[in-house]
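Asks: Given chain A, put chain B in place with the hints provided.
Residue numbers (the numbering used here), protein chains in the order written: chain A, 1 to 486; chain B, 487 to 598.
These aren't lab readings, by the way, just hints derived from the structure by calculation. Just so we're clear, the structure is a prediction, and the values are computed from it rather than from any experiment. Just so you know, not all the hints are guaranteed correct.
[Said to hold, decoys possible] Derived, one-sided and incomplete: chain B residues facing chain A with beta-carbon distance under 10 Å:
id, residue
1, Leu506
2, Val511
3, His513
4, Glu528
5, Leu530
6, Thr555
[Claimed, not checked] Some chain B residues flagged as far from chain A (calculated, every beta-carbon gap over 10 Å):
id, residue
7, Arg505
8, Ser507
9, Asp509
10, Ser523
11, Gln524
12, Asp568
13, Ala570
14, Glu587
15, Asp588
16, Asn589
17, Ala595
From the three backbone atoms N, C-alpha and C, an ideal C-beta is built for every residue, glycine too.
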Amino acid sequence: MPSNLYDLTLHEAHELLAGRQVSSQELTQAILDRVEQVEPRIKAYVTVTEEIAMQQAREADEAIALGEKNPLAGVPMQLKDNMCTRGVHTTCSSRMLENFVPPYNATVVERLRAGLAVVVGKGNMDEFAMGSSTENSAFFPTHNPWDLERVPGGSSGGPAAAVAAGECIYAIGSDTGGSIRQPAALCGIVGMKPTYGLVSRYGLVAFASSLDQIGPLTKDVTDSALVLSAIAGHDPRDSTSIPQGAKDYTKALTGDIRGLKIGVPKEYYGEGIDPQVADTLRRALEKLEELGASVEETSLPHTRYALAVYYILAPSEASANLARYDGVRYGYSSQEDGSMWEAMERTKQHGFGPEVKRRIMLGTYALSAGYYDAYYLKAQKVRTLISREFQEAFQKYDVLITPTSPTVAFNLGAKVEDPVQMYLNDICTIPVNIAGIPAMSLPAGFVDGLPVGMQIMAKPLAEETMLRVAYAYEKATEWHKMRPEL
Amino acid sequence: MLHWAYPFLDWYVIMTSPRLSQDEVQHIALIYRLGLSQEEIESLRHQLSDILENFQVLDQVDTSGVPPTGHSVALENVMREDVAAPPMSKEDTLANAPLREDNYFRVKAVLD
Chain A
1 MPSNLYDLTL HEAHELLAGR QVSSQELTQA ILDRVEQVEP RIKAYVTVTE
51 EIAMQQAREA DEAIALGEKN PLAGVPMQLK DNMCTRGVHT TCSSRMLENF
101 VPPYNATVVE RLRAGLAVVV GKGNMDEFAM GSSTENSAFF PTHNPWDLER
151 VPGGSSGGPA AAVAAGECIY AIGSDTGGSI RQPAALCGIV GMKPTYGLVS
201 RYGLVAFASS LDQIGPLTKD VTDSALVLSA IAGHDPRDST SIPQGAKDYT
251 KALTGDIRGL KIGVPKEYYG EGIDPQVADT LRRALEKLEE LGASVEETSL
301 PHTRYALAVY YILAPSEASA NLARYDGVRY GYSSQEDGSM WEAMERTKQH
351 GFGPEVKRRI MLGTYALSAG YYDAYYLKAQ KVRTLISREF QEAFQKYDVL
401 ITPTSPTVAF NLGAKVEDPV QMYLNDICTI PVNIAGIPAM SLPAGFVDGL
451 PVGMQIMAKP LAEETMLRVA YAYEKATEWH KMRPEL
Chain B
487 MLHWAYPFLD WYVIMTSPRL SQDEVQHIAL IYRLGLSQEE IESLRHQLSD
537 ILENFQVLDQ VDTSGVPPTG HSVALENVMR EDVAAPPMSK EDTLANAPLR
587 EDNYFRVKAV LD
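Extracted from the complex, chain A is given alone in its bound form:
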């Protein structure tokens, strides 16, 4: 067990709470103290709900005293600020929703609270989850705990940095093109994007509805399985929710991967990928081979088209989803003189930041008359080809392993002026969302003192296979135990 309470994992914290060695109030206070200590440097939270958290901790302590055994009970966590929380601001790090207080909870929040999780606050993000560095937050950028001059990745940069810095025990994020996995990689933690439809999106502020998925950001693989077990499962309020009941994913953590077949798609190790990152991954693959898995190079040639497909489909869906912010029912509203149309135009002009406007414009263009077939329909067809290629690969391999991010964390400000460069950060993660398959990132080493993430992909609903590989690797290595000095 670590010496500081804030360094505990979820399963360690649960053990201490269940054994009555620590109370939820003590643990929650330790996290709040840690937030006070490091938050001025990290800036991972948009809102800290101190009083609510302490009240929830008191309730958890009472329940635990009466025998409550839920692994989430009494453990403080953070929610990305695009999950609706009744009575608590949900801003999406946007001026548009700066004062928005949802009248209901997201399904994922209900499930966490049913397990008596303690919500410490809401995590900073790229505005409406559009970005890979959290620099698109309308409020402030978040800093990487491993090097404060660098980005934490994005769009779940607040949640990833908060977990890495001990400002919460775990966090919940959303992933549309890599927004859980890429920041997890850059902050040296574990991040999982489950199969599309496994976790309900009800109450998640929509970005690109056919790609968005909620998942956990945790300090280790066991925690990832624990949190997934709590949040996965069918929800009638999300019509894309897979009709499948709850499951205990920790049963997959056997540590045994003998005979397992790993495919290594060469496109993810070549040009555009930092050679040191690729080398780090090759060493990780050797380790997996030592553990009894077979490793074989393969090819996914359509990977090269994934980025273009994504930047047509995601902005198109976003332009439709964000049309609701018209200043009438909720959100920012321009009240200056003028017509209804002028008010609507001003509302969006002042409510949305530059990246959101860029994507709205891109999506509106791709969907507009005369361009629909050339862009949107074409991208949907190539999406089919990318999905088929994954299906074929998973007939031969149990999992595919790649780097999560082409580089380690880059400097704040380095790519802000060049959207095309910024979009390249997601080349390894985007194909996964296009195909709807599950993938997770876990720590696999360091380059120049900065964490490198290994991405494990599996076929739809094969989270257990993915977790089994991740757990075996984690058990054989020490990377997940490294903590940044703050």
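Replies: The following block gives chain B in isolation, referenced to the frame of chain A:
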């Protein structure tokens, strides 16, 4: 400029994508009712043109006979029993209204 296909290609595609005009950018903004300043229009014109240029990589893919995918999970229409349940309360529904009058959202005149 670095081509998007670059990480996965060993050769460059010659690109002949037309650049967007100011009028085109303004037209797209109007469709969406998105207000933009002159500076925003000018910078978006360049940025969107750069991004669209990268989309040309898709022209290399033969998609004849390939059906489009809208969702990665094939779902049929999802039905449920039509059971009455209490709706969200009026107060909750109107709590975030920028302008409210009694139990209504107040908006500017739609017709002149």
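Asks: Could you work out which earlier hints the structure fails to respect and list their numbers in ascending sequence?
Replies: 4, 10 and 17
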